[in-house]
Every structure is written in C-alpha cells, then in structure tokens.
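Sequential numbering from -12 applies to the sequence shown in my numbering.
Errors might be hidden in some of the hints.
Cut-off 25 Å, straight-line C-alpha distance, at most; resulting in silico cross-link-like pairs (BS3-like, lysine-lysine) [to be verified]:
| # | residue 1 | residue 2 |
| --- | --- | --- |
| 1 | K172 | K82 |
| 2 | K173 | K236 |
| 3 | K99 | K82 |
Honestly, the hints are just simulated from the structure, not real lab data.
Note that the structure is predicted; figures quoted are calculated from it, not measured.
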Amino acid sequence: MTNLGDLEVFVRVIAAGSMSTAARDLGLSPAVVSKRIKRLEDKLGTRLLQRTTRQISLTEAGQGFHERVLTVLGGLEEAEAFASGRSSEVNGTLKISASTSFGRMHVAPHLKPFMQAHPDLAIHLVLSDEFTDIVGGGFDIAIRIAELNDSSLVARRLAPVRRVLCAAPSYLAAHGTPETLDDLKKHRCLPAHNHDSWRLEGPTGPVTLRPEGMLITNSSEVIREAVIAGLGIALRSTWDVGAELKSGKLVQVLPQYESSRNVALSAVYPSRQFLPAKVRLFIDYLAELYGPVPYWER
C-alpha cells in the first residue's frame, strides 16, 4: 500500500510547481520532499516527474497518476466530512482559477463572507487569461465564461452571460451611430484580440463578423479602457461594463444584436464523484450570489 502522506506531498509539489515551494508550504525540508517523491516512484516502479534545475514537469505516467490521486484524496476528504457529520465544516485549501477581469471584479470582492463562514478554509485564487489545465494545475474549481465542450470535466451553470455592442458617447458623437451590421465596416472596432470573431444573434439568426481593429493587445482590460475612452466600438459582457452602461459612460449600439446565448458563466471541476465539501459549498455560494438574473443585470 502506498503511503498516503507521500501522495499528498506529490500533489502539493505539482500544485506548487517546485519542490522547494512545496516543502515550504508543508513545513518540510526540500530534501525530505525529494526523498518522499523518490520513495513513491520506487514503490510504483516508474518516474512521475521530470526534474531540471529550474522546473519540474509530469511524465505521461505522472499525469495519469496525478489525475487519479486527486480523485482519491478528494474522495477521502468528502468521506471524512460525511462520517464525522461536518459536511459544512471544511478546512485545508480551496484552489480556484478565474479570468483576470472577472476574478478581480466578481470573485475577489465576495470572498470575505465565504471565508468568514468557513474560517478554517484557505483560499488560493489564481487569475489568468490563459487557458488553465484544471487537473494538471491542481485546481479544485475553475470559473469559466465559455461554451463548454470538454466532456472530461463537470460544469455547473452559474449565470447567463450577455455581451453587447457598445461605445462611448464621445465616439458616437464624432463618428456617428451604426444602424446596420454593415455600418460597422466604416467604424473603428475593438476586438478583444486582433483575430477574434464576433458571433452575434439577431433578428435573422446567428451571424459572425471579423472586425478589423486598430488597437492590438492581448489584454481584455485594455480593450475595456479603450472603449470607455472613446476609441471605438467593442463587444463587451454586461458583467464587465454594466456599471458604465447604467451611468451613461457607454451606450449600447445595435441593441437587436447580442452575443451567442450558448456562452455562460460556469463552475468547472474535475469530477462529480466524491465532490469535496469545500468545492460543493463554494459552488453553491456562487450560484446563489449570481443566479439566473445576476446582480450586474439588475
């Protein structure tokens, strides 16, 4: 039987990205962590990690092993909570992934009530606009805004996502207000990325546009600031610019067109089986916080 503590060390090393960081988190020396990983590899008869002086990475065997260990440890945590009748009392660390803008605007400001309700639970919130490998990164949950097609993961819909075409009054005063989609060809558009397509739904059904942008950036937040400053027309989510639309800093244009209704805000996690209590409680919290009509739409 493999030592359970060695499995926990292995998972912590992957989540931390290095043995030295994992050792510090666990209160152990790097030498002890290295020894326990080697003991685990010797027990299994295979190499789990590729080690260099700067980083570590999972081997093919290590990747599959890591996925299964996460399920085992999550199941043990849930089993302990069930057996002890403490399903609402959670501890340890909840590792969350979210996009930079949404995480900053709609996750971080709401952590305090959840953390106060669960004082023994630590939150590790990672914000990034890059694709996040939930399993490989050791995440318990990811908050994603997308059309989800990955059947290997489980998703719970938290709220609808509505994206609208909008511009600043100063831009419309200088360049006019578009009345048709063809009019957008005469306007300065601000796609979030230079080659992004705008998939819209309107009176005649779905339509796809490939707007030409004068501003090239890899930051969605830069596009947000650009449209507010009056540099052009953008397709933005109401969770992102709802306050500006309400205040008049931005005006919706071509209101008969909005983004695809298949896009939603979802909580994504590796497996429904043996869902840890900390994950279930946080998902329930977000579902109640956002809901079918999220607060940024009210």
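Hint check results:
no.	hint	in the structure
1	K172 - K82	violated (43 Å)
2	K173 - K236	holds (22 Å)
3	K99 - K82	holds (16 Å)
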